[in-house]
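Read off the chains here:
Protein chains: 2
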Amino acid sequence: MVLRKITSFVLPVHLTAEKPSLQDNSADLDRLRRALRAILPDSRPLEIPFARVVSLCRRFRQAGFAGVALVNDLPERWVLADFLPELPAMLPAMALDLGTTHLEATLVDLLTGRVLSSAGRENSQIEYGADILSRIHQATQERRKMREVDFSFIDPGLALLQQNIVSCINALTAELVAGSGVDAGDIRALSLSGNTTMVHLLLGLDPFHICREPYIPMVNSIEPMESRELGLALHEAAPIWIMPSVGSYFGGDLIAGILASGMAGSAQTRMLIDVGTNAEVVLGNRDWLIACAGAAGPALEGGVARMGMRAAPGAIEYVSLDPVTYVLEVKTIDDAPARGICGSGLIDLVAALYLARIIDVRGKFRDPERESDPGRAAFMRERLVVRDGQRAFVVVAPSAAGAGDEVLLEQIDIDAMIRSKAAMYAVLATLMGQVDLDFGDLAEICVAGAFGSHLNPRQAITLGMLPDLDLSVYRAIGNSSLQGAQQVLLSRSSRQECLDIVSKITYVELNVNQEFMIRFSGARFIPHTDPSIFPSVPLFAEQKEDL
Amino acid sequence: MVLRKITSFVLPVHLTAEKPSLQDNSADLDRLRRALRAILPDSRPLEIPFARVVSLCRRFRQAGFAGVALVNDLPERWVLADFLPELPAMLPAMALDLGTTHLEATLVDLLTGRVLSSAGRENSQIEYGADILSRIHQATQERRKMREVDFSFIDPGLALLQQNIVSCINALTAELVAGSGVDAGDIRALSLSGNTTMVHLLLGLDPFHICREPYIPMVNSIEPMESRELGLALHEAAPIWIMPSVGSYFGGDLIAGILASGMAGSAQTRMLIDVGTNAEVVLGNRDWLIACAGAAGPALEGGVARMGMRAAPGAIEYVSLDPVTYVLEVKTIDDAPARGICGSGLIDLVAALYLARIIDVRGKFRDPERESDPGRAAFMRERLVVRDGQRAFVVVAPSAAGAGDEVLLEQIDIDAMIRSKAAMYAVLATLMGQVDLDFGDLAEICVAGAFGSHLNPRQAITLGMLPDLDLSVYRAIGNSSLQGAQQVLLSRSSRQECLDIVSKITYVELNVNQEFMIRFSGARFIPHTDPSIFPSVPLFAEQKEDL
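Protein chains in written order, with this note's numbering: chain A, 92 to 638; chain B, 92 to 638.
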């Protein structure tokens, strides 16, 4: 991250006020407000929440009417949050990536920008449903029975999910501060990026219309509220920055990603790809932004393949197969015993099987009996087994596997993989078509998330999932949702940029897009029905002869 | 009140938003905010409290995305409070005069300015102490035992007093709406004027430093909070306007009075006199304001005389004594059986006794045995009795009195009365001296409150309590504290004027003022040691001969 002046979400303001006397008998609060107002850098209104008045006046008085005011820097106003006798050594704040399956957080010092610690945790709402739709279902059980909903009705299911995620965040906070010398109550701000539904569930907002045409959330942009309003175990006046979203299926996590990628401030056109449950793609530069989301993700994030799993210890993340010697090498995350295969491992594996001519251009296992190359035929006989009447590939034999089981790649896994990669390519190509640009016009393609970190773009190109560009165009940017959240804690212009991104972005609905459907069909071959657009990918005659 | 355009504390805004569609899938809240922002008359920030979001979105949706937004018009921002399908027939709001002994309120329609009902009630905190000091004592019992007070510590005594006054206001509200067709929950705003201590007790603010030199309140000016933050039985988002105060002993009730008197907007110089527990006096015009408070009140409000009482049914409010026939006439409020004597009755009585030469220039009962006029001597023998070795005057004989008791005026009552009237005159004269003006420069003297309504200025002049001016200079303005509160409900410029008054006013501390002490001594005669400044008051030789 480029070093720049910190304009943090909570501004510490040194002030010294006149002491009370018979000549100046201003009230404590008025005295504090007057001294602060004289120093604040701009004329935005200064608000002093009623709930803070007694504590503020006492602290101000006890500090001898001089010290450091902590002022929350909200888009349209200043909010006086606290008063301290002197500037503390650190001003801790928390950035949180509120994922559907996983939470990631960092503790940041607002004075220096330094990351003090980081922690992660499974989203405990998983017990109420692995995906967003089942959680919305859970949170609207009672509400769905009503014709008209009371204006202030809160579904018990929603209350339960809200309580659950608040507890989960509080547990994560405890983990984050453990050993850091910071008390959770000293955390002065939180910024949070999550998809639209997770934000609704955390804030206790009714998610009923999110999954019903025309897919309207209650809230996309919401003003920062105070920590105590959500029951979070932070300082009670800590402001909560919720990354704004663009729609039901385009959440604040992606806005954070756009922010972190820097694309919205760049003269050159860039692309951002974030693969989660959906594949979300953004294209643009400082002048325009266009985005879409498509159901390209599941197979790539381990949600479909029977042996699929998230990128976690024991997941096969890297596979190589020598197309001459047929030596198969497999690497798991943390070198733990193999338990399954994650998205990047799957891409590696399927690409390797294609290059070794074990599968054909449709992704189907070729028939070992019709194989003319003796080495390949031997390898195929060794590795290909029949399960449930279908061919499958033994990635790891039973004896070596962590769970005692073998790791198998079945035909249905490859089929799902092919659909996913076709959807992904179709999404990218359709988006480029919308603005009449070619892939060659892109200065950079940022690939976010664990998927991006583990992905080998070469193999993804081989499969025809990503465009056939020079590998230097691709950049893995990590957890951009968390990075974006961190950025807004430290920079006012980043906070403003979030709002600008939301107002600037155009969302393209692909479910109703004819061009997308045509491109999707064309992309269901390896690398493509039109191989000329993937010049770097070799084509072999034997993979076509069986078609 | 002059009719003018209403710019009420809660602004109803008619709006019609685009309905959601696949083409415009803005979130409900964003849609509402956008439509409202486009209509609001100025660029103050628009705040939507987090606690209101669910209810607002549901109401907006249920109304078909069109209707009336109710927006609280706060000095530095708009706050969206509610959304209704259509403008109701009335928009009720409440104005409250929060007195130490008595509460008065009116229900006002914000759409028309019409007063819908009014009600009054004793301040139920009286059970914890009749005066402000004993209530501060009660509210700081635990806190006084501590060397350092926890920043958020709330004294149980304070909590009790707060709860007590909130219940009292809620009971008054119930009375106010009874039979009006309005539900307490429909009351959309409250404006409230009270002295600084009463405001602290209602808001749960620590009053500890109010009565300790240099007499610093926690708060003089406070931003409007929401009804729900105080537990008031109004609409939960109703904004509460608290009349700002100037200091511990110069409260919002007087600021409301200044507002209602119109003096702060006038080119001519006016004086405002408000007699409660203290006599509070303001002098000024649109360019300057000067004020002071002195302990002139008690005897005038019935707090000292043994038979003294507030102006309430059964209180003697009017007395006449024919100086020739010695016929004594007494009138009670509501013509109820006499129970005591209120401030104005006391002034009438003492003035009458002076004019009838029953008391001398020091206010002492003259000796009937040394009286030469036979009629007066007979009257004195009939009416003057000796109690506890002191002369006393029988105002009402036992048989006719409501409580079965007689109504007596004792020497100590007259002595207290003389001290009070001397203090009052000294306050007025000292204040005039501060700005180097004479009483003759005043265009008007407004006398506020029940005291002002019942007072006969002629008799007050006779006693030397008020300056000897043409009676047309005096104007009784009634409950100006309540009127001022009512005014801010309906007018933005009045709300602004309150803040301007506070920043403009100069407070003169009389307790440390030498001039005041000299003037006080000079005023302890009837009408004055220098009778030439009261040319209209007759002087009789026999009243001096006994001195």
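The set of hints was computed from the structure by calculation and includes no laboratory data.
Take the hints with a grain of salt, since some may be wrong.
Repeated chains share a single entry, so a pair holds when one copy, or any two copies, can fit it.
Only pairs whose alpha carbons sit at most 27 Å apart, straight line, appear in this in silico BS3-like list of lysine-lysine [stated by the list, open to error]: (1) 422 x 455; (2) 455 x 635; (3) 595 x 110; (4) 96 x 595; (5) 635 x 96; (6) 595 x 635; (7) 236 x 635; (8) 455 x 595.
> Which hint numbers doesn't this structure obey?
Replying inline: Numbers 5, 6, 7, 8 - these are the hints that the structure violates, sorted from lowest upward.
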